[in-house]
Amino acid sequence: MQLKTNNIGKTFSGVNVLRNVNFDLKPGEVHALVGENGAGKSTFVKVLSGVYTPTEGKIFLDEKKVNITSPIVAQKNGVSLIHQEPQSFSHLSVAENIFMGHMEGNNFSRVKWQDINNKSNEILESIGLKIDPKIIMEGLSIADQQMIEIAGALSKNSKVLIMDEPTSPLTPNEVGKLFDIVNKLKSNGMAIIFISHRLEEIRQISDRVTIFRDGDLITTKNIDEVSNEEIIKFMIGRNIEEIEVKENQFIKNDEYILNVKNLSLSKKFKDISFNLKKGEILGFAGLVGAGRTEVAKSIFGAEKFDEGEIIYNGESIINNSPNEAINNGFAYVPEDRKQMGIFGPVAVEDNVTSAIPKDISNNIGLINSKTVSTMTNDYINKFNIILTSGRQLIEELSGGNQQKCIISKWLLSKPKVLILDEPTRGVDVGVKSEMYEIINKLAEEGTAIILISSELPEILSLSHRIIVMREGKITKILNNKEATQEKIMSYAIN
Amino acid sequence: MLKTISIYLSENPTLRYWIVRPEWVAVILLIISIISSIQLSPFFADLAFIMDSATPYVEYGLIAIILTLIIISGEIDLSIASMIALTAVIFGTAYNAGLGMPISMLIALFSGTLCGLFNGILVTQLQIPSIILTIGTLTLYRGIAQSLASDFSLGGYPSWFIGIDYRYIGIIPIPVIIFTVFAIVVGFFLSSTIYGKQLYLIGTNPQTAKYSGIKVDRIKLLLFTLSGLVCGIAGVLTTSRLAVARFNMATGAELEIVLMVMLGGTYIFGGRGNIFGTFVAFWIVVILRAGLNVARIKIESQLTILGAMLIIAIILTNYIYSKSQK
Numbered sequence: 001m002q003l004k005t006n007n008i009g010k011t012f013s014g015v016n017v018l019r020n021v022n023f024d025l026k027p028g029e030v031h032a033l034v035g036e037n038g039a040g041k042s043t044f045v046k047v048l049s050g051v052y053t054p055t056e057g058k059i060f061l062d063e064k065k066v067n068i069t070s071p072i073v074a075q076k077n078g079v080s081l082i083h084q085e086p087q088s089f090s091h092l093s094v095a096e097n098i099f100m101g102h103m104e105g106n107n108f109s110r111v112k113w114q115d116i117n118n119k120s121n122e123i124l125e126s127i128g129l130k131i132d133p134k135i136i137m138e139g140l141s142i143a144d145q146q147m148i149e150i151a152g153a154l155s156k157n158s159k160v161l162i163m164d165e166p167t168s169p170l171t172p173n174e175v176g177k178l179f180d181i182v183n184k185l186k187s188n189g190m191a192i193i194f195i196s197h198r199l200e201e202i203r204q205i206s207d208r209v210t211i212f213r214d215g216d217l218i219t220t221k222n223i224d225e226v227s228n229e230e231i232i233k234f235m236i237g238r239n240i241e242e243i244e245v246k247e248n249q250f251i252k253n254d255e256y257i258l259n260v261k262n263l264s265l266s267k268k269f270k271d272i273s274f275n276l277k278k279g280e281i282l283g284f285a286g287l288v289g290a291g292r293t294e295v296a297k298s299i300f301g302a303e304k305f306d307e308g309e310i311i312y313n314g315e316s317i318i319n320n321s322p323n324e325a326i327n328n329g330f331a332y333v334p335e336d337r338k339q340m341g342i343f344g345p346v347a348v349e350d351n352v353t354s355a356i357p358k359d360i361s362n363n364i365g366l367i368n369s370k371t372v373s374t375m376t377n378d379y380i381n382k383f384n385i386i387l388t389s390g391r392q393l394i395e396e397l398s399g400g401n402q403q404k405c406i407i408s409k410w411l412l413s414k415p416k417v418l419i420l421d422e423p424t425r426g427v428d429v430g431v432k433s434e435m436y437e438i439i440n441k442l443a444e445e446g447t448a449i450i451l452i453s454s455e456l457p458e459i460l461s462l463s464h465r466i467i468v469m470r471e472g473k474i475t476k477i478l479n480n481k482e483a484t485q486e487k488i489m490s491y492a493i494n
Numbered sequence: 001m002l003k004t005i006s007i008y009l010s011e012n013p014t015l016r017y018w019i020v021r022p023e024w025v026a027v028i029l030l031i032i033s034i035i036s037s038i039q040l041s042p043f044f045a046d047l048a049f050i051m052d053s054a055t056p057y058v059e060y061g062l063i064a065i066i067l068t069l070i071i072i073s074g075e076i077d078l079s080i081a082s083m084i085a086l087t088a089v090i091f092g093t094a095y096n097a098g099l100g101m102p103i104s105m106l107i108a109l110f111s112g113t114l115c116g117l118f119n120g121i122l123v124t125q126l127q128i129p130s131i132i133l134t135i136g137t138l139t140l141y142r143g144i145a146q147s148l149a150s151d152f153s154l155g156g157y158p159s160w161f162i163g164i165d166y167r168y169i170g171i172i173p174i175p176v177i178i179f180t181v182f183a184i185v186v187g188f189f190l191s192s193t194i195y196g197k198q199l200y201l202i203g204t205n206p207q208t209a210k211y212s213g214i215k216v217d218r219i220k221l222l223l224f225t226l227s228g229l230v231c232g233i234a235g236v237l238t239t240s241r242l243a244v245a246r247f248n249m250a251t252g253a254e255l256e257i258v259l260m261v262m263l264g265g266t267y268i269f270g271g272r273g274n275i276f277g278t279f280v281a282f283w284i285v286v287i288l289r290a291g292l293n294v295a296r297i298k299i300e301s302q303l304t305i306l307g308a309m310l311i312i313a314i315i316l317t318n319y320i321y322s323k324s325q326k
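Chains as they are written, first to last, in the numbering used here: chain A, 1 to 494; chain B, 1 to 326.
For reference, chain A alone in the conformation it holds in the complex (with noise of 0.2 Å):
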């Protein structure tokens, strides 16, 4: 089947996440999708096979035009979407998990169990599995889920399959497996579209490759015209002003003030080593689920390491809990802001306040609340934070505001060590220059700051020092002078 959109556009609460896509996809060919976290490849995705409804455009599936309002809708006209993380139901049956949503029933309703058995064993073979559809889901490794997933799709006929993602949670070795079903289906006449960070997965797989960039189609090109070299540069594309790096008096010194030795968290990270001047800010670049939020949670004692040594000024620590973390001088501001940074339905002041009891009660535990206000006023004050009155509850506070009231919270426990994850995610773009003054100022009054991000004009203009971690590894430590994005992006997929 073939498949055509015409200047699809998505708009989430007035934000273009998707502008004007004009892309087409053939029988018969493997298509990839690339481009950085938030390029918009997902949304466009998830437009295509009806999780979400396009805002503007049109999608035409062998040039008749469709209105895919649902997953069932798209579904029904032959498009289906392979999760990056198999969804099934895993107390249910290969067979039931494979016709799920579609089982047919003889005049009573009851499920013709026979049929549905031969059937699915049938379409496991075509794909080459071997796997007893009447086994139950559970236990089942993530590759064979995935196929099960894939197996489902060809029950219902699809004609265009989605892959989100699929080889990330996949072994080499299950990788190929996936790709001789992919070339397979291919040869059949599917029409696939292949998401990955992954070039050279792309390289191998793929016909032609479509890069988004800032919710743009930037291009699509044959795989054979076009170099790992040149994509990266579609990927990043922008002609960013170039802000400069500030230094500052403490990072000529060579004191380091945290020093960190072959951290190991099975499954998570291994062997991460790195080290940090007061006044520095050290950026992690990467993508996501390269690993970096979970040394920084190790480092604040959110959770566990495995192996390896911190040594913070000059002596071994451990830091049990967040609570030992916040006693020795770290604070941690986290990049899921509404799970792990505010209290929602509570005061400003009360949030702004909330890690450092001890300096806003006496030593019987009574509460000042002329301290709490004074204090949090003093940073309503300072960072311009928008809101009538530091009773008012922070969750009905903007994006940008409600982060600058946990960044004031963080500053009043007057941290040491200041670690930043994605600290400007869903702030809009005056509050984020207001934010790298703010981080800029930190680091020269002497705080080391840890900046995890995802956007590389934002590690690039800030960071002193840059580290570049992929799959839980660092992959590269860049000095500031040498580091584009380009270079970044390589070692960050490659």
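It should be emphasised that the hints constitute simulated quantities derived from the structure, not laboratory data.
Don't take each hint at face value.
[As the list claims (entries may be wrong)] Subject to a maximum C-alpha distance of 25 Å in a straight line, what follows is the list of computed BS3-like cross-link-like pairs (lysine-lysine):
| no. | chain 1 | residue 1 | chain 2 | residue 2 |
| --- | --- | --- | --- | --- |
| 1 | B | K3 | A | K338 |
| 2 | B | K210 | A | K358 |
| 3 | A | K358 | B | K215 |
| 4 | A | K268 | A | K476 |
| 5 | B | K210 | A | K414 |
| 6 | A | K252 | A | K414 |
| 7 | A | K261 | A | K473 |
| 8 | A | K338 | A | K304 |
| 9 | B | K210 | A | K267 |
| 10 | A | K338 | B | K210 |
| 11 | A | K304 | B | K298 |
| 12 | A | K473 | A | K270 |
| 13 | B | K215 | A | K414 |
| 14 | A | K221 | A | K233 |
| 15 | B | K215 | A | K416 |
| 16 | A | K487 | A | K473 |
| 17 | A | K159 | A | K233 |
| 18 | B | K215 | A | K304 |
| 19 | A | K416 | B | K210 |
| 20 | B | K3 | A | K268 |
Let chain A serve as the given structure and place chain B on it in line with the hints.
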């Protein structure tokens, strides 16, 4: 009209903080119950009568105060009624074994504390949801009580011990005084100290609380232990009131206590509520029960009215929360 009010309130957070509070629902219900009870019987104008009616509920009230703290912090303890029975039976057994009154009391309180500690350890260390775990210990503790006492009533206490509900300071029975003082102390703790504040934060978002350096597990452990201790006190008080201890004391009381807490406007999923609400809800239950008794309405029908009241309270509370969240 409603819209203008809600806009006005959202622009004045401090005013909203005082007006949009679910415990006002409890206060209004209390006023309604008092008025309708006075209509039923002139006895209700008599404070002493109301005070006397309150004594049988004091044990529940004490526990409801602690349960309020537990629910605010996002957990629940359903083993409370079983802990009353178990500590009472242990107390009776110890006394009948000749250990003397002070030691028997200490043993009762200690065993209650131990039961609570056990709940707390399993909830915080093994991360078992408290609603599941305490349903388990609800059965376990009642079972231990039964195997200790079988179907006997453990009595034979000295006369000075029996009938604490008939001792007064002025017209107020001592248990009511204990309850009121306890409510004031805990209410002050919850509203004015940093530890109280942290309970709300934990109940609102345990993850953020953990990342803010709040010792979530330790605080929860302490609350469950405290709940056990208070149940031990309630066990001894109940034995004094009834003059005997039996394994089936306070059967089903856990739900009545949860009802008190919820009637008082505490949010069952944590993060919101206060002691004042629970205190008011206690009096609603007392007055309703007494009023309905005076009106010669059967126990079974009383439950219907209490249930209806709870549902009204829940609907109104939810409505208020949905408004205050905007």
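For each hint, the structure was consulted:
1. B/K3 with A/K338: 28 Å, violated
2. B/K210 with A/K358: Distance of about 16 Å is within 25 Å: holds.
3. A/K358 with B/K215: The hint holds at about 13 Å.
4. A/K268 with A/K476: Between A/K268 and A/K476 the Cα gap is close to 18 Å, so the pair holds against 25 Å.
5. B/K210 with A/K414: Holds, at roughly 18 Å.
6. A/K252 with A/K414: The given pair, whose Cα atoms are some 22 Å apart, holds under the 25 Å limit.
7. A/K261 with A/K473: 13 Å, holds
8. A/K338 with A/K304: 23 Å, holds
9. B/K210 with A/K267: 23 Å, holds
10. A/K338 with B/K210: 14 Å, holds
11. A/K304 with B/K298: 59 Å, violated
12. A/K473 with A/K270: Holds, at about 6 Å.
13. B/K215 with A/K414: Roughly 20 Å between the alpha carbons, so the hint for B/K215 and A/K414 holds.
14. A/K221 with A/K233: Holds, because 13 Å separates the two Cα atoms, which is no more than 25 Å.
15. B/K215 with A/K416: 21 Å, holds
16. A/K487 with A/K473: At roughly 17 Å apart (the allowed maximum being 25 Å), A/K473 and A/K487 satisfy the hint.
17. A/K159 with A/K233: With a Cα-Cα distance of about 32 Å, the restraint between A/K159 and A/K233 is violated, given a limit of 25 Å.
18. B/K215 with A/K304: 16 Å, holds
19. A/K416 with B/K210: Given pair A/K416, B/K210 holds - Cα atoms ~20 Å apart, limit 25 Å.
20. B/K3 with A/K268: Given pair B/K3, A/K268 is violated - Cα atoms ~51 Å apart, limit 25 Å.
Violated hints, in rising order: 1, 11, 17 and 20; the structure is consistent with all others.
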